[in-house]
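Line by line, the protein sequences give chains A and B. Take 1 as the starting number for the first sequence in this note's numbering and just add one per residue. Take 1 as the starting number for the second sequence in this note's numbering and just add one per residue.
Hints listed in this document are in silico derivations from the structure and should not be mistaken for laboratory results. Treat each hint with caution, since some may be false.
25 Å max Cα-Cα, derived SDA-like pairs, lysine to any residue [unchecked claim]:
hint, chain 1, residue 1, chain 2, residue 2
1, A, Lys122, B, Asp165
2, B, Lys318, B, Asp229
3, B, Lys318, A, Asp301
4, B, Lys318, A, Arg238
5, B, Lys316, A, Asp301
6, B, Lys318, B, Glu346
7, A, Lys120, A, Gly148
8, A, Lys203, A, Gly148
9, A, Lys280, B, Ala162
10, B, Lys318, B, Asp150
11, B, Lys318, A, Ser81
12, A, Lys203, B, Gly153
13, B, Lys318, A, Arg91
14, A, Lys280, B, Gly153
15, A, Lys280, A, Val298
16, B, Lys318, B, Gly190
17, A, Lys280, B, Asp150
18, B, Lys318, A, Asp336
19, A, Lys203, B, Lys318
20, A, Lys120, A, Asp336
21, B, Lys316, A, Gly148
22, B, Lys318, A, Ser86
Looking from chain B toward chain A, a few residues come up when the C-beta cut is under 10 Å (computed) [to be verified]:
hint, residue
23, Ala148
24, Asn160
25, Asp319
26, Thr342
27, Glu345
Facing chain B, according to a computed beta carbon distance under 8 Å, are these residues of chain A, among others [stated by the list, open to error]:
hint, residue
28, Asn134
29, Arg165
30, Glu181
31, Gly210
The C-beta atom is built at its ideal place from N, Cα and C for all residues, glycine as well.
Now for the letters of each chain:
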Amino acid sequence: MEERTQAYLRGRFGDHYRRSEFTPPPDANEREWGFIPWTDGPSETMVRHRSLLDLGELGEFLQRKRPKHVYFSAGRYRDPSASSMSAKEWRSSDLVFDLDADHLPAVELGEDSYAQMLAKCKDALLRLLDFLENDFGFEDLTVVFSGGRGYHVHVRDSGIQQLERDARREIVDYVRGIGLEFEQLVDEETVAGTAGRSSPAQKRTLSTEGGWSRRAHRHVMSVVDDLLERDEETAIERLREYEGIGEGKATAALSAARQNYDRLAAGNIDVHPAFFQIAKPLMTEVVAMDNAPIDEPVTTDTNRLIRLPGSLHGGSGLEVQRIERDDIDEFDPLVDAVPETFRGHDITIEVTDGGPVELGGDSFTLEPGIGTYPEHVGVFAMARGRAEKGPE
Amino acid sequence: MQPLHARYPFLQSARDAVEEAAVDLGEVVATDEVVVERARERVEWAITDGSVGDPHRRTRVELLSYPVARVLVSLVDTPVCTRKYAQAEAEAARERFVEEFTADDSFSYGDSESLSLSALLAEFDLTAAVHETADRYRIDVGTYLELAADQWGDEWRLVNRALTDGEVPVTTEELHTLLKQAIRHRIDDGLPFEVPDAIADELDAEVESIQTTLSDLDLTREIDTVVPDLFPPCMQHLLDAVQKGEHLEHHSRFALAAFLTSIGMTTDEIVELFQVNPGFGEEATRYQVDHIRGDTSPTEYSTPSCATMQSYGDCKGKDDICEDEINESHPLNYYEYRLDETDDEEVEDWRENEDEDDSEA
Chain A
1 MEERTQAYLR
11 GRFGDHYRRS
21 EFTPPPDANE
31 REWGFIPWTD
41 GPSETMVRHR
51 SLLDLGELGE
61 FLQRKRPKHV
71 YFSAGRYRDP
81 SASSMSAKEW
91 RSSDLVFDLD
101 ADHLPAVELG
111 EDSYAQMLAK
121 CKDALLRLLD
131 FLENDFGFED
141 LTVVFSGGRG
151 YHVHVRDSGI
161 QQLERDARRE
171 IVDYVRGIGL
181 EFEQLVDEET
191 VAGTAGRSSP
201 AQKRTLSTEG
211 GWSRRAHRHV
221 MSVVDDLLER
231 DEETAIERLR
241 EYEGIGEGKA
251 TAALSAARQN
261 YDRLAAGNID
271 VHPAFFQIAK
281 PLMTEVVAMD
291 NAPIDEPVTT
301 DTNRLIRLPG
311 SLHGGSGLEV
321 QRIERDDIDE
331 FDPLVDAVPE
341 TFRGHDITIE
351 VTDGGPVELG
361 GDSFTLEPGI
371 GTYPEHVGVF
381 AMARGRAEKG
391 PE
Chain B
1 MQPLHARYPF
11 LQSARDAVEE
21 AAVDLGEVVA
31 TDEVVVERAR
41 ERVEWAITDG
51 SVGDPHRRTR
61 VELLSYPVAR
71 VLVSLVDTPV
81 CTRKYAQAEA
91 EAARERFVEE
101 FTADDSFSYG
111 DSESLSLSAL
121 LAEFDLTAAV
131 HETADRYRID
141 VGTYLELAAD
151 QWGDEWRLVN
161 RALTDGEVPV
171 TTEELHTLLK
181 QAIRHRIDDG
191 LPFEVPDAIA
201 DELDAEVESI
211 QTTLSDLDLT
221 REIDTVVPDL
231 FPPCMQHLLD
241 AVQKGEHLEH
251 HSRFALAAFL
261 TSIGMTTDEI
271 VELFQVNPGF
281 GEEATRYQVD
291 HIRGDTSPTE
301 YSTPSCATMQ
311 SYGDCKGKDD
321 ICEDEINESH
331 PLNYYEYRLD
341 ETDDEEVEDW
351 RENEDEDDSE
361 A
């Protein structure tokens, strides 16, 4: 990035910070702060181990320093500006989740457009929120668009503040479905033999009470419902897709499902050995469908620095934006996170890396060379390193 | 001082009772041999048997032996001793409260004298976090994680639990295990602490006796198990590097070879383990390992401590066990801890695997 481009972006970031209301996170004075200033060359150095005492009032700091990126810690400390973690004296940490398009299995890098990646990321966000709100029952959630390729969720319920790394890893594994054991999900109960059978039988059930077990059960039932809607032939065909299931087992499983719908709905998946055999691969399917592929180190690290909501992302010129829970469905990052400051007028840029850009609800094609574009498109292209500031 | 306090000396009310009785610990250790003897027994039984031995018939002796035992553990100041002690005290408490919770009235100690579940929950501030249901309990997930995070076994993993609305269902027996963990945390808490010289001097003989017990234990349990998955992160890192064919500094190679030697590997086995790396110098490795073992040199070298590993920049990937369990003491302590904590059945010696591979090939 050339110096004039840098100077321009820095100046415009400053204009943005002067115009916007800024709400700091709770307990801002107990947190560590860090930022990356605009510098020449590709190397970026983070200035960190700062406290609010060092920075001053945040809104004022942002206007004065106009940094490229701004971060604050998930952790709270007695002395946040101490230079080592042990000297900081950790007190507590929010639980932070990071969904990044780069890490999503659903995203096809190089194939998906930025908008498509972000849409897939939002699907993952909704799955994550289902875990956090319904399984974990968390109440103090802040959902944030990262300004880049994904979303962050900050959980600040008091019950998780003291958790250490191991405990946080359990939460990560839970939402990712790592370590899920079919045998553990299934409750095995020995029941007395039914009439005509002398030996006691095993009754294996999925708990419909909660957890992955309930998710697995829902999936089993959706498969059952789908089977029962089909005619005999296509239902059998569908069942034979599972490994080790031939015509005979498929027919037996299907008729067991028809005859025992209520028992299945109550969690008993042991209605027939062939049916039970099919239930097992469904667990693998449910993990693939329902898990939220969060970035583990972000959540387990109690000292992690995270991008500050309300700041601008120096690699996109988009706002790191808090999203109200009810607005998530409607939220379009490529429209809603475009800062007001950069809207409504055009600038000249020199495009070095042309191609399509979707932003502000519109599509543009950047043509190599000097051209005039809406400012938010120009800022985006420059921040991404696809253009330099053009002559005035 | 009530019998209840002697049975559960970690309770706040037991601590208060000792304080109210204005017991001077310095005087106890100087004059009350029975108490000191019982305290030594608590610690030594913990090391050798995982229990705290039979209670002394006198309430006062039994109760006072607990704070004295904590002093002894602090003086011995060895992670393995502290861990085994806390574990044994917690297990003893669990056995007692399970018996009391399930005893019918004729066996109970009477209301004021027995420990109820609600009293135990209140003791650890768990009343609000544990909810009784028709046939079991539900625990708030944060509390569950604090108490279950270091339990081994898939059934404790949160992912396998029917978590809903922030609560984890547990059986009565599981609740007891989690309560034991709460007790263990409390006993562990603050250990080891600084002991005034005046008290320490009185306990020289007991501390020495416990140290002997500990070293006897080490002799009988000398490590001869090779499970790379349980290696400390620093050694895993070095082993990875060797196997990838990266060049290791002399001190790094030395540290790894010394570690592998101390866990019972022969020179041949070490050479074999290194050999995944095609570019490795077999002769050089053989020479170095022999040298460390003392075969080709007058000295037998030992594995560097954590401090030495750190100063050479070989301490990599430090984790919770390094920091909290072995206090960054020694890579071998880490390995020993992991071996201890892992079910024997799950420990699979690398050398046995190798043999199998060979026989298949």
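- Query: Are the Cα atoms of Lys203 of chain A and Gly148 of chain A separated by 25 Å or less?
  - Reply: violated (50 Å)
- Item | Restraint satisfaction for Asp319 of chain B [CB to CB of chain A, less than 10 Å] | holds (8 Å)
- Going straight from one Cα to the other, do Lys318 of chain B and Asp301 of chain A come out at no more than 25 Å? holds (13 Å)
- Satisfaction of the Glu345 of chain B interface hint, Cβ to chain A closer than 10 Å: violated (16 Å)
- Item | 25 Å Cα cutoff - pair Lys280 of chain A, Gly153 of chain B | Since the Cα atoms of Lys280 of chain A and Gly153 of chain B sit roughly 21 Å apart, the hinted pair holds (cutoff 25 Å).
- Message: What's the verdict on Lys280 of chain A and Val298 of chain A, does the C-alpha distance respect the 25 Å limit or exceed it?
- Response: The hint is violated at about 32 Å.
- Message: So if I understand the rule, the pair passes when the alpha-carbon distance is 25 Å or less; does Lys318 of chain B with Ser86 of chain A pass?
- Response: Cα-Cα ~14 Å, so holds.
- Query: Given the proposed pairing of Lys120 of chain A with Gly148 of chain A, does the C-alpha separation stay at or below 25 Å?
  - Reply: holds (14 Å)
- Task: Tell me if Thr342 of chain B is really an interface residue toward chain A, meaning its C-beta lies closer than 10 Å to one of theirs.
- Result: violated (15 Å)
- Decide if the proposed pair is consistent with the structure: Lys120 of chain A and Asp336 of chain A, CA atoms, cutoff 25 Å inclusive. holds (17 Å)
- Has the given pair, Lys316 of chain B with Asp301 of chain A, been kept, meaning a C-alpha gap of at most 25 Å? holds (16 Å)
- Message: Checking one constraint from the list: CA of Lys318 of chain B to CA of Asp336 of chain A, max 25 Å. Satisfied?
- Response: violated (42 Å)
Violation of the numbered hints given earlier is confined to hints 4, 8, 15, 17, 18, 19, 21, 26, 27; the remaining hints are satisfied by the structure.
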